[in-house]
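The listed protein sequences derive, respectively, from chains F and X. Mapping the first sequence onto this note's numbering, position 6 (from 1) lands on 6, and the numbers just tick up by one. Mapping the second sequence onto this note's numbering, position 224 (from 1) lands on 427, and the numbers just tick up by one.
Hints are computed from structural coordinates only; laboratory data are not their basis. Watch out, some of these pointers could steer you wrong.
Once the Cα atoms are required to be at most 25 Å apart in a straight line, the calculated SDA-like pairs of lysine to any residue come out as [as the list claims (entries may be wrong)]:
no.	chain 1	residue 1	chain 2	residue 2
1	X	K228	F	Y155
2	X	K229	F	T168
3	F	K40	X	R279
4	X	K232	F	I166
5	F	K86	F	N76
6	X	K265	F	I150
7	X	K249	F	C183
8	F	K59	X	V277
9	F	K40	F	Y79
10	X	K259	F	A162
11	F	K40	F	K123
12	X	K216	F	Q181
13	F	K123	X	K259
14	F	K59	X	L285
15	F	K86	X	R290
16	F	K59	X	T271
17	X	K259	F	Q44
18	F	K123	X	P267
19	F	K86	F	N53
20	F	K59	X	A284
21	X	K216	F	R132
22	X	K216	F	E182
23	F	K11	X	T273
24	X	K259	F	D135
25	F	K40	F	K86
26	F	K11	X	A284
27	F	K59	X	A274
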Amino acid sequence: MDEAIFIRNAKNGDVDAFNHLVLTYQEQVFNLAYRMLNNKMAAQDATQNTFINAFQHLKSFRGGSFRAWVLRIAANNSYDELRRKKCKPSQPLTVLDTETGEEMDDPIWLEDNRNLPEEYIMKNELEEAIQRCIDQLPKNYRAVVILVDIQGFGYQEASRIARSPIGTIRSRLARARQRIQECLQGFQELLPEKFRLNLGSKL
Amino acid sequence: MKKHTQLSSRELKLLSAYLDDELSKKDQKRVERLLSDHPAASPLLKKLWQVKSALKLLPIHKVPGNFTITAEEVSRSQIPALAGVLRFASAVSAVLLAIVLAFDFIFPYRLAASEKGLSRSGAETTFEEKIVTSAEEEVPIITWQPAAPPAGDGYGIGGGDSGTGNLDLQNEMPIPDILIAPSDDQTGEIPSVAQEETTAEKEQLPQVVEEEPQADGEIYSQESKSPEDESGTILGIRPSESQGTIESFDEISEPVAEVPEMISTRLMEIVLAGLTITTALLAGFLCKRKK
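Chain F with its partners taken away, still in its complex shape (with noise of 0.2 Å):
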């Protein structure tokens, strides 16, 4: 059915017609969420105060794209969310190395990963280290960032998540861009051959 009809029968109330829109785009509330938090319960609770947000304001909604609309919302949960925690920061979990005695505060080396393959091993570090320079950038390039460079949205559609003009997305996408490539200068060793970066080189 068309999603146009969808989006009718849930102004009138109709809940059944509103999950069909959440089963559709679900993956992808979920996945900027996810990357905005880095935490998959804070991700799990913003994605769905979204799409309740969502249905009690869906007379709101005024046409175009409804993933825009239900994405920008999902942003605004978890920069709400985000807030929240730069407030209440929570208590990671850490241990000392036993060679060094520095502290090791990453969860992740926690994982017994003696019986996973070398491959598995490495993408994950390599996801965390990524996920640790996105971690690190302002909001507003965070959501840029992913939107674009992760999920693969274009700069029109993102600029209409971002509620901002293309110009400033074009120039928070490069800076995130820039930041993150010197982060990942740290892990260069994580990083596949190919997308190994030159560390001598400065802009």
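Mind docking chain X on chain F? Use the hints.
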């Protein structure tokens, strides 16, 4: 070829957008020119491409479960919004209550002063009213009845009865505090004209003159009328006891203007306190119910 090695932020943006194929034809040509002319442009473009490729390596996570919603979840999610409104109302009423209490605490003298001021003005008003009321009352007339003039000089018709005259007090009023005698000298001599007239009359007057009280030598109050004859009556000033003196402050009724003010202040405090507590309790109850 450009000599400097640093790229501007605008050039960085152009290179980044070039990577995404989000440039106009004009900007694309500009970037291609930059890549051929600027030695730092090509390495930067490569680095940006590497970052973009690395980000693409991140997997798209599958959702842990469906996020479909139910009508119950929608209605339950409205509770926090209501709780938020209640919390806000509670906070506002608490602030207002604090302001009212602080005002009441810091400026108690204002109320007391206004109360005192009202009492004083009330007393003054009563006093003035009493004076006017007393003045409108009938002024007692004190007649002085001189005795028959004794033979010899120095016995005028001046003030007082010189120990021999009869003092008739109309209305049985006491002797006033202030009496001004018609004569101002020791011998009791009076001005010549008045003396001649009075002397002529003295011979005709009986010993006791009660029917025709005379008004000669009176000091009139503002309300009293002018004398029509020249008999030797003295208009006395009302005795102090009967004038508009302040009899007692106890008789002055207390002003009641501050009472509504006090009541409204207390009522406001009570209402605000009740509102604060009620809304806070309701908000807490709703939050607890949601959990």
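Hint by hint, here is what the structure shows:
Pair hint K228 (chain X) plus Y155 (chain F) holds up; C-alpha atoms about 16 Å apart against a cutoff of 25 Å. Annotation: proposed proximity of K229 (chain X) to T168 (chain F) holds, straight-line Cα distance about 19 Å (limit 25 Å). Only pairs whose Cα atoms come within 25 Å are accepted, and K40 (chain F) paired with R279 (chain X) is accepted, the gap being roughly 23 Å. The suggested pairing of K232 (chain X) with I166 (chain F) holds, with an alpha-carbon distance near 20 Å, which does not exceed 25 Å.
Distance restraint check for K86 (chain F) and N76 (chain F): the Cα-Cα separation of roughly 15 Å lies within the 25 Å cut-off, and the hinted pair is therefore satisfied. For the proposed pair K265 (chain X) and I150 (chain F), the alpha carbon gap of about 14 Å is at most 25 Å, so the pair holds. In summary, the hint linking K249 (chain X) to C183 (chain F) is supported, as the alpha carbons are separated by about 16 Å, within the 25 Å threshold. For the proposed pair K59 (chain F) and V277 (chain X), the alpha carbon gap of about 15 Å is at most 25 Å, so the pair holds.
For the given pair, K40 (chain F) sits about 15 Å from Y79 (chain F) by alpha-carbon distance, which is consistent with the 25 Å threshold. Among the hinted pairs, K259 (chain X) with A162 (chain F) is consistent with the structure: their alpha-carbon atoms are about 20 Å apart, no more than 25 Å. At roughly 18 Å between alpha-carbon atoms, K40 (chain F) and K123 (chain F) fall within 25 Å of each other, so this suggested pair holds. A distance of roughly 15 Å separates the Cα atoms of K216 (chain X) and Q181 (chain F); the hinted pair therefore holds under the 25 Å criterion.
Our distance criterion of 25 Å between C-alpha atoms is met by K123 (chain F) and K259 (chain X), whose separation comes to about 12 Å. Restraint check for K59 (chain F) and L285 (chain X): satisfied, since their Cα atoms lie roughly 20 Å apart, inside the 25 Å limit. Between K86 (chain F) and R290 (chain X) the alpha-carbon distance is near 22 Å, which keeps this suggested pair within the 25 Å criterion. For the hint linking K59 (chain F) to T271 (chain X), the alpha-carbon distance of about 19 Å falls within 25 Å, and the restraint holds.
For the suggested pair K259 (chain X) and Q44 (chain F), the alpha carbons sit about 22 Å apart, so the restraint of at most 25 Å is met. Of the pairs offered as hints, the one joining K123 (chain F) and P267 (chain X) holds, with about 20 Å between alpha carbons and a cut-off of 25 Å not exceeded. A threshold of 25 Å between alpha carbons decides the hint, and for K86 (chain F) with N53 (chain F) the separation of about 23 Å falls inside it, so the pair holds. A C-alpha spacing of about 18 Å is found between K59 (chain F) and A284 (chain X), which places the hinted pair at or below 25 Å, so the restraint holds.
A threshold of 25 Å between alpha carbons decides the hint, and for K216 (chain X) with R132 (chain F) the separation of about 23 Å falls inside it, so the pair holds. At most 25 Å may separate the alpha-carbon atoms for a hinted pair to count; K216 (chain X) and E182 (chain F) meet this at roughly 16 Å. For a cut-off of 25 Å, the pair hint linking K11 (chain F) to T273 (chain X) stands: about 15 Å separates their Cα positions. At roughly 16 Å between alpha-carbon atoms, K259 (chain X) and D135 (chain F) fall within 25 Å of each other, so this suggested pair holds.
Among the hinted pairs, K40 (chain F) with K86 (chain F) is consistent with the structure: their alpha-carbon atoms are about 17 Å apart, no more than 25 Å. Only pairs whose Cα atoms come within 25 Å are accepted, and K11 (chain F) paired with A284 (chain X) is accepted, the gap being roughly 20 Å. Restraint check for K59 (chain F) and A274 (chain X): satisfied, since their Cα atoms lie roughly 16 Å apart, inside the 25 Å limit.
Of the numbered hints given earlier, the model fails none.
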